[in-house]
Amino acid sequence: MTARAAIVVFPGSNCEGDCARALGALGVATELVWHTDEGLPDCDLVVVPGGFAHGDYLRTGAIARFSPVMGAVRAHAAAGKLVIGICNGWQILCEAGLLPGALRRNSGLKFVCKWTDIRVANAATPFSTRAEEGQVLRVPVNHFEGNWYCDRDVLSRVHANRQIVFRYADNPNGALDDVAGLTNEAGNVLGMMPHPERASEALLGSEDGRLILGSMLDHVSALAPA
Amino acid sequence: MGAWVHRELGLTDDELDSIVRRLGRDPTYTELAMFSVMWSEHCSYKSSRKHLATLPSRGDHIIIGPGEGAGVVEVVPGVAVAWKVESHNHPSYVEPGNGAATGVGGIVRDILSMGARPIALLDSLRFGAPGDAHTNYLIDGVVGGISSYGNAIGVPTVGGEAVFDSCYAQNPLVNVACLGIVEGELQQGRAEGPGNVFVLIGSSTGRDGIGGASVLASAEFDAGSSEKRPAVQVGDPLAEKLLIEGCLELAGRGLLVGFQDLGAGGISCPVAEMTSKAGTGAIVDLDQVHRREPGMAPFEVMISESQERMLAVVDPADVDEVLAICERWELVGRVVGVVTPTGRVVVEGGGEVVADVPADALAEEAPIYDRASIRPGELEELSAAEPGDGPPEDLGAALLALLSSPTVASKRWIWEQYDHMIGLGTVIGPGADAAVIRLPGSEAAVALAVDGPGRYCVLDPYEGARLAVAEAARNVACTGARPVAVTNCLNFGNPEKPGVMWAFTETVRGLGDACEALGTPVTGGNVSFYNETEGRAVFPTPVIGMLGALESAADAVGMGLVGDGEALVLLGDTGGSDFGGSEYGKVMWGALGGRPPALDIDAEAALHRLLHEAARGHLLRSAHDCSAGGAGVALALAAFAGGRGFEVELPGDEPHRSLFAESPGRAVVSCSRDDLDALSDLAARHAVTAVRIGATGGAALDYGFVAVPLKVAEKAWSTGFATSISTTID
Amino acid sequence: MNFEAVADVMLKPGIADPQGQTIERALVALGYSGVGEVRVGKHIELSVDAPSRADAHATVTRMCEQLLANTVIESYEVGVLEPSGDGDHGHDSPRRERVLEA
Amino acid sequence: MNFEAVADVMLKPGIADPQGQTIERALVALGYSGVGEVRVGKHIELSVDAPSRADAHATVTRMCEQLLANTVIESYEVGVLEPSGDGDHGHDSPRRERVLEA
Ligand SMILES: Nc1ncnc2c1ncn2[C@@H]1O[C@H](COP(=O)(O)OP(=O)(O)O)[C@@H](O)[C@H]1O
Ligand SMILES: [Mg+2]
Chain A
0 MTARAAIVVF
10 PGSNCEGDCA
20 RALGALGVAT
30 ELVWHTDEGL
40 PDCDLVVVPG
50 GFAHGDYLRT
60 GAIARFSPVM
70 GAVRAHAAAG
80 KLVIGICNGW
90 QILCEAGLLP
100 GALRRNSGLK
110 FVCKWTDIRV
120 ANAATPFSTR
130 AEEGQVLRVP
140 VNHFEGNWYC
150 DRDVLSRVHA
160 NRQIVFRYAD
170 NPNGALDDVA
180 GLTNEAGNVL
190 GMMPHPERAS
200 EALLGSEDGR
210 LILGSMLDHV
220 SALAPA
Chain B
0 MGAWVHRELG
10 LTDDELDSIV
20 RRLGRDPTYT
30 ELAMFSVMWS
40 EHCSYKSSRK
50 HLATLPSRGD
60 HIIIGPGEGA
70 GVVEVVPGVA
80 VAWKVESHNH
90 PSYVEPGNGA
100 ATGVGGIVRD
110 ILSMGARPIA
120 LLDSLRFGAP
130 GDAHTNYLID
140 GVVGGISSYG
150 NAIGVPTVGG
160 EAVFDSCYAQ
170 NPLVNVACLG
180 IVEGELQQGR
190 AEGPGNVFVL
200 IGSSTGRDGI
210 GGASVLASAE
220 FDAGSSEKRP
230 AVQVGDPLAE
240 KLLIEGCLEL
250 AGRGLLVGFQ
260 DLGAGGISCP
270 VAEMTSKAGT
280 GAIVDLDQVH
290 RREPGMAPFE
300 VMISESQERM
310 LAVVDPADVD
320 EVLAICERWE
330 LVGRVVGVVT
340 PTGRVVVEGG
350 GEVVADVPAD
360 ALAEEAPIYD
370 RASIRPGELE
380 ELSAAEPGDG
390 PPEDLGAALL
400 ALLSSPTVAS
410 KRWIWEQYDH
420 MIGLGTVIGP
430 GADAAVIRLP
440 GSEAAVALAV
450 DGPGRYCVLD
460 PYEGARLAVA
470 EAARNVACTG
480 ARPVAVTNCL
490 NFGNPEKPGV
500 MWAFTETVRG
510 LGDACEALGT
520 PVTGGNVSFY
530 NETEGRAVFP
540 TPVIGMLGAL
550 ESAADAVGMG
560 LVGDGEALVL
570 LGDTGGSDFG
580 GSEYGKVMWG
590 ALGGRPPALD
600 IDAEAALHRL
610 LHEAARGHLL
620 RSAHDCSAGG
630 AGVALALAAF
640 AGGRGFEVEL
650 PGDEPHRSLF
660 AESPGRAVVS
670 CSRDDLDALS
680 DLAARHAVTA
690 VRIGATGGAA
700 LDYGFVAVPL
710 KVAEKAWSTG
720 FATSISTTID
Chain C
0 MNFEAVADVM
10 LKPGIADPQG
20 QTIERALVAL
30 GYSGVGEVRV
40 GKHIELSVDA
50 PSRADAHATV
60 TRMCEQLLAN
70 TVIESYEVGV
80 LEPSGDGDHG
90 HDSPRRERVL
100 EA
Chain D
0 MNFEAVADVM
10 LKPGIADPQG
20 QTIERALVAL
30 GYSGVGEVRV
40 GKHIELSVDA
50 PSRADAHATV
60 TRMCEQLLAN
70 TVIESYEVGV
80 LEPSGDGDHG
90 HDSPRRERVL
100 EA
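Protein chains in written order, with numbering that gives the first Met the number 0: chain A, 0 to 225; chain B, 0 to 729; chain C, 0 to 101; chain D, 0 to 101.
Excised from the complex, chain A in its bound form:
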């Protein structure tokens, strides 16, 4: 079965093409969905890609979360289907309340684009089954607001639910608890700062991102009727 991914595009998104290419290389059929669409095409997973939705003006994700398409994304998530927000996509999902906490400006107060090592903190999520717990993945980050934060209560719930999927080996942005990526309580929505689509080819420096995207496909095909 061919998995289908809807990639949501806001004015200012800029990683949608890269995501489509990386998923396409894994055999996924992708479709770009403009933010004013009220609905999503029939799909197994939704990607909210990186970029600068609405210019990141005011606050990252602040305006995007009100786009018409977000209702359908919410419904997709509520149905227990997979949603991945990468970088700006995570910021949008946070603002939309689909993921806990908030993303603040990097503690170094500079935009940071570089390769990072992230450690798999939970290999039992739909986004990490192809990896092993403790495995270190080389995946690049590219953001100005990747400094994840939440209050103490939320953090203890996040821990209790094992929502943290990836932690930085060398925290590039000051994120609380070195969080590089985490899920919602139900475990079907992931936000992550590093860009797995940029780590999908040896020629470009790493293939580790395929483990993340591939895990999602495994999850989707396991759900598919035989």
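One thing to keep in mind: the hints can contain errors.
Stated by the list, open to error - Listed next, the in silico DSSO-like pairs over lysine-lysine satisfying Cα-Cα at most 30 Å (straight line): (1) A/Lys113 <-> B/Lys714; (2) A/Lys109 <-> B/Lys710; (3) A/Lys109 <-> D/Lys11; (4) A/Lys109 <-> B/Lys714; (5) D/Lys41 <-> A/Lys109; (6) D/Lys41 <-> C/Lys11; (7) B/Lys710 <-> A/Lys113.
What the hints contain is simulated information worked out from the structure, not anything from laboratory work.
Using the hints, position chains B, C and D with the ligands against chain A.
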């Protein structure tokens, strides 16, 4: 109109006379404003045009040479790219963040105007010595501006250079180069077909940037410059991103008859140039221009440099479709005029005709000056001065001093702020000799480098320009690419000064000769004059943007040492006296004098051919060119990039000359022992000296006559610039 | 009536403000010795139509809750000026008074 | 004495404010119909030691000229509160008055 208005607008008395003669009457204020921007140095190239015309610009692979928005080059059969560099020096000094950001926006629209998708940016930066609070403020602002704009529009900044010298302290240089891939039909900046309409697409027009070209970029700075500040614009990367996508869709659907960006000179510029080129005319209705401020005078609308706008010429039958596409991309598109057969640009506003002038008078027939050019007397003294080639007290300390000097030290602090990966094309990113970008939909790749050794140019602008071309080509060749075309940005002082003009003409001559010899035609560029504050000019600084072609991205060679026990080979000959304008002379002796390094351009070309063939034959594990700091520094940088040391012995009797002389035409390469004979044979066939100097591996930079622990050297290099920039900002 | 309003959006007390700290260090480096507790936020000016000043205040407060602030990490203050009467509410008014409320 | 001060730094009138325009469009899309002229700047809060309120004001004005504002494209307004006396000048003071000057 006051008698002196034209002078305030930057026009001379003679220029005004000539306008009156062309019109047969006094110009209106709007006309005068249009002439002032179109005849400004920035837009008309009036001091440089005559000289630039001598540059070699033809070649089988050159699809479009100078004169359009950007040059277009066929890098491999069937794959064409647009390539251009432009300066935003003055705005970046006045307001570093927005000045640099709008510089990125401007060059990106140049590429877009060809119908090409921008896929890579490089920035070439010059500042005073970092550490000084104001210099750090400029660096921080400029880098932040490029980062905020380039990252947001989704175009990776994949390379560049940053050079520091006190001559740039009051005149920073901010040159940005952009590469685009031609996806469909090439677009042309021509307003063909009377009856077609002009559609203005993008941001609304405000009073920002009025007179930017004539006021900011075409005059020297002085104490009163702060009064000219409102001429700075604020960039809107979101609008630019939408403009890119919307316009590429218009181009892709074949809806554009003519297309040009609005940059310096505002809407005046594309209207005049597109009609002048096509032999047509225009009627422009300013009331249709969407504005963001009330009460703008016609002249303000006509020359406002508000950002993120393009002008399209469209068949009236297609207008609805064009506007619908604009709307879907959340862009405002407005029909603002019509193409006429009259040869005149007629501007209407508020029901009145506010301008009616021949298009050619504004564009094609702008004045051309053959300015006086005299070799400055001070050059004799400079040539006679010490280059600073005495031996150091301690070779190891000298090496560390060079590695930590801001010009040589790691620029990671800069390029980590740039998204250098988006687009999934960056095979080799910043921190290398040249960036290697795989082209979408193709196995092929391009290699891109920018270089401008001002310290050589000030000693001898002719030789300096040749060295600049040689170095840029060498950087590209080290990745395995074949250098194929050049774009350039010539940064100089006030051209009304004969000494400056002499350096300029010598530079153009050197640029032309070197490009001819290397077979890399000049496809375009930019001239930035008046880089002077309080009468002090920057070094003559030609920034060369070299484009290289790689048939396969997988052939690209990195600069870092790979594997232990591989053979290290020095290619090319070392001239022990090549210290004029050197980094060693500057860092160790505070010297600037003598002759620039001697360049044998044929030997240089042979080296490039050798590197290209060796890369195609997969003989090289790494390659890095020798430039600032000589072979000693080149080896160290290859070691840092590869995370391993080496053991070598360099030819020559005087260690500091072997280590630090800046002879061109050289590179340090590594190869597996098994390939050594093949490489030697290949070198012999190209008549390039190849000396096996040692082997890779170990935890030291071991040069034989001196050894430094890798960790110590790397620390000096990685913190040299970062420390001086962060201490005073944070 | 048309009111000129402001919303100041700040990181909540207790949440680290590295930008404020950086500015503080820079000010100290410039020789401003008695400076402290620098915090940086956003200052948003806008005009709103509303039947009364209180309504204008309520509207801008709603805007903050909905869009202008992320209340997970930010707090805000809203201020509304008396209506300018003639509809002229230029941002360069030479002197004005403003009441800010939490 | 220790004063609590604010500096609001805004783009000068006439200079494009794409951020403000984008927020304005977003507010309109959310149904806030009577909103206009949205402009965004920085809001900086700080405490300063000074012999008098006027001195505090002059000091913060100098800070704006030197560091807090880029007067090429930005203008600023400075406000200083009466000293809190006990040195407690929390940022969450429930109600305060402020005089802003151009
Ligand atoms: N302003 C910059 N922007 C992006 N990359 C830069 C910049 N400055 C330096 N770099 C990166 O660092 C590398 C080393 O720079 P440079 O010292 O100019 O090297 P070289 O003299 O060998 O060309 C460049 O090749 C480039 O990729
Ligand atoms: Mg180099």
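Now the hints, each set against the structure:
Pair hint lysine 113 of chain A plus lysine 714 of chain B holds up; C-alpha atoms about 19 Å apart against a cutoff of 30 Å. Only pairs whose Cα atoms come within 30 Å are accepted, and lysine 109 of chain A paired with lysine 710 of chain B is accepted, the gap being roughly 26 Å. Of the supplied pair hints, the one linking lysine 109 of chain A and lysine 11 of chain D holds, its CA atoms being roughly 25 Å apart against a limit of 30 Å. Only pairs whose Cα atoms come within 30 Å are accepted, and lysine 109 of chain A paired with lysine 714 of chain B is accepted, the gap being roughly 22 Å.
Distance check on the hinted pair: lysine 41 of chain D and lysine 109 of chain A sit about 18 Å apart at the alpha-carbon level, within 30 Å; holds. Pair hint lysine 41 of chain D plus lysine 11 of chain C holds up; C-alpha atoms about 16 Å apart against a cutoff of 30 Å. Our distance criterion of 30 Å between C-alpha atoms is met by lysine 710 of chain B and lysine 113 of chain A, whose separation comes to about 21 Å.
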